[in-house]
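Modelling step: build the complete structure from the supplied sequences, incorporating the hints.
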Amino acid sequence: MSASISIKNITKRYDSVTVLDNINLHIQDGEFVVFLGPSGCGKSTLLRMIAGLESITEGSIEIGDKRIDTLPPGQRGIAMVFQSYALYPHMTTRQNMAFGLENVKVARDEIDRRVNDAAKILEIDHLLDRKPGRLSGGQRQRVAIGRAIVKEPKAFLFDEPLSNLDAALRGRTRLELAQLHQRLGSTMIFVTHDQVEAMTLADRIVIMHKQKIEQIGTPMEIYQYPVSRFVAEFVGSPPMSMLPINNIENTENGVTVEVSGAGKVTTSITLPTDFSAKDAVLGIRAEDTTLVSTQEKGLDLTIKVIERLGDRTLLYGTLADGTELIAEDSGRSKTKAGDVVRVSVSPHAVHIFDANGLAYHSHMEV
Amino acid sequence: MAESYRRSRWSNGLFVVPYLSVFLTLLVFPLGWGIWLSLNKVDLFGGERFIGLKNYARVLSDPIFGQAVKNTVIFVGVSVPTLVILGLFLALALNKTTKGSSFLRGVFFASSILSVTIVTLIWRIVFIPNDGLMSLIFNYFGWQPIGFLSTQGWSLFSVGVATVWWCIGLPMMLFLAALQQIPKDLYEAAALDNATRWRVLTRITLPSIKSTIMLVAVIQVVMQFQLFGQAQLMTNGGPAGSSRPIVMYIYEVGFLRWDIGMGAAASQILFLIILCAAMLQYWISTRKEEADA
Numbered sequence: 488m489s490a491s492i493s494i495k496n497i498t499k500r501y502d503s504v505t506v507l508d509n510i511n512l513h514i515q516d517g518e519f520v521v522f523l524g525p526s527g528c529g530k531s532t533l534l535r536m537i538a539g540l541e542s543i544t545e546g547s548i549e550i551g552d553k554r555i556d557t558l559p560p561g562q563r564g565i566a567m568v569f570q571s572y573a574l575y576p577h578m579t580t581r582q583n584m585a586f587g588l589e590n591v592k593v594a595r596d597e598i599d600r601r602v603n604d605a606a607k608i609l610e611i612d613h614l615l616d617r618k619p620g621r622l623s624g625g626q627r628q629r630v631a632i633g634r635a636i637v638k639e640p641k642a643f644l645f646d647e648p649l650s651n652l653d654a655a656l657r658g659r660t661r662l663e664l665a666q667l668h669q670r671l672g673s674t675m676i677f678v679t680h681d682q683v684e685a686m687t688l689a690d691r692i693v694i695m696h697k698q699k700i701e702q703i704g705t706p707m708e709i710y711q712y713p714v715s716r717f718v719a720e721f722v723g724s725p726p727m728s729m730l731p732i733n734n735i736e737n738t739e740n741g742v743t744v745e746v747s748g749a750g751k752v753t754t755s756i757t758l759p760t761d762f763s764a765k766d767a768v769l770g771i772r773a774e775d776t777t778l779v780s781t782q783e784k785g786l787d788l789t790i791k792v793i794e795r796l797g798d799r800t801l802l803y804g805t806l807a808d809g810t811e812l813i814a815e816d817s818g819r820s821k822t823k824a825g826d827v828v829r830v831s832v833s834p835h836a837v838h839i840f841d842a843n844g845l846a847y848h849s850h851m852e853v
Numbered sequence: 114m115a116e117s118y119r120r121s122r123w124s125n126g127l128f129v130v131p132y133l134s135v136f137l138t139l140l141v142f143p144l145g146w147g148i149w150l151s152l153n154k155v156d157l158f159g160g161e162r163f164i165g166l167k168n169y170a171r172v173l174s175d176p177i178f179g180q181a182v183k184n185t186v187i188f189v190g191v192s193v194p195t196l197v198i199l200g201l202f203l204a205l206a207l208n209k210t211t212k213g214s215s216f217l218r219g220v221f222f223a224s225s226i227l228s229v230t231i232v233t234l235i236w237r238i239v240f241i242p243n244d245g246l247m248s249l250i251f252n253y254f255g256w257q258p259i260g261f262l263s264t265q266g267w268s269l270f271s272v273g274v275a276t277v278w279w280c281i282g283l284p285m286m287l288f289l290a291a292l293q294q295i296p297k298d299l300y301e302a303a304a305l306d307n308a309t310r311w312r313v314l315t316r317i318t319l320p321s322i323k324s325t326i327m328l329v330a331v332i333q334v335v336m337q338f339q340l341f342g343q344a345q346l347m348t349n350g351g352p353a354g355s356s357r358p359i360v361m362y363i364y365e366v367g368f369l370r371w372d373i374g375m376g377a378a379a380s381q382i383l384f385l386i387i388l389c390a391a392m393l394q395y396w397i398s399t400r401k402e403e404a405d406a
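In the order they appear, the protein sequences are chains A and B.
Sequential numbering from 488 applies to the first sequence in the numbering used here.
Sequential numbering from 114 applies to the second sequence in the numbering used here.
All clues given are correct.
Just the calculated beta-carbon pair ranges, DEER-fashion:
no.: 1; chain 1: A; residue 1: V683; chain 2: B; residue 2: I295; range: 30 to 38 Å
no.: 2; chain 1: B; residue 1: Y132; chain 2: A; residue 2: E589; range: 46 to 54 Å
no.: 3; chain 1: B; residue 1: R312; chain 2: A; residue 2: K699; range: 36 to 44 Å
no.: 4; chain 1: A; residue 1: D552; chain 2: B; residue 2: R312; range: 29 to 37 Å
Because the hints were derived from the structure by calculation, they are not lab data.
Predicted model only: the values in this text are computed from it and were never measured.
All C-beta atoms, glycine included, are put in the ideal place defined by N, C-alpha and C.
Structure (structure tokens):
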């Protein structure tokens, strides 16, 4: 039942303002794809264009082998879960779920069967005769998903569906969505600005930035090999620290970079011969740092703020010239604010970004 | 909490005194006085004499009052549904953000700001025999002219047309306000649910503005039962009392025949009729809602 989705050369303009610029994307049948990006990057617009709620300026969208961007929303074979759920307030749960099927004249007993099945999967069978006003946020969410499931669509679209839930419920629903995807095996597109949702749910993440697709990849590809400084800073918490590079020396195993205020850092990254160190930065994730004794080589960090997360401790500090760096220590760290610690960085785990933000990585295992 | 509780004094009630004094002197007192007058034989120049419910008996046995009640009920029965349906239709048609629709909203609302004298003047010009707009149109097509203001049946109809034209602005605006409260994503969900325009109207739009439809209907019932100016100025209740509403009957009894007591009794009956009509509508709508829930 589910199908692949092809987005070809999609552009969206409002008068002179370009909202999406030449987007190309192929989503496999049964794949869970997350559109991730900051507010205003066009991710919701792209989803709404697939749904048929926004018009397309240029390009085409296909589901399976069929071009659908010329069809009205209801005939595209897709179902959408809205951020605000958009349940019909004067209809019961059952009526909400049955409405779409009644519109296409599905037989009554078939409607009942699908509604009851979906209600059982989502554990909302006891809520079928209630109206949305008498449901909690989490229950409404389930009804909205139920309304999508009963349509047995070729693809599910989710527009930030978890953002109205509290933290605990969001975590649980996330897990249930992952299970639902495994169970139904349907193509799903999920829009979010929450990177945890993206990392945990996605088969592939599409990072969007400034009206374009910045990177497409599995969660770990995106995390370990960000294609640009934007992706590196956007994905990961705490964000990757960026240290300005003064000079670069090529060595046999990679380059050694001289970081202002901290001395030399050895890496296993190979750079092109014409690489310019001007405005280039070295990117270091907190978990790729280790605290070492003062006899060993490393960067001296003056700790300003400490965040104890239980399993690990984040150390926010500055190097000699004031550049900020976030390091990580174990959960039992004794470090206090004001301490000066020596931090060593794994040469394989660092990243270099040129003046345009283009990324270079070491391709050796960390 | 305890402190502020202790500080709550009767003197705080002074804040509501300005409103309360207006409410009591201009609403409660006249209502009570009206009830008292209806139980007395009063004329504008003489004193009062308590006669119990005799005024009510006289009003209820007066065939002219019966005719006025019938006229008013027919008028309300036709004009209120027309106002609700037409108002809703206009609101649905003009619920857009284009310049044209905001201009038309203004046009349709404009009649509401006119006084009854102007409204009736305009419609007299439309309906008046020989030189009126309607007679010009009838002449053009070679049809037999109709005496809109002087024929039984047509006179009340003409008053109704003028009333609907005059009053359509408020229902339209209330419906527009209600329509704009409906979340846009409900319509998007309906589009994804393959709903036809008719299904969207009957299953989403109308249920969403149900309470406003009720509100408009009650307001219009209360307003239209008080029909007076249009009938007085366009037809003077004629011909043969066929367009005389209850309020005009009250006016004639009280201020032309100077029988204030009987006029007051007729007013109380009108008050009861309006109250019952409004309560009935309210009751029907809440009962239906409970059945839905």
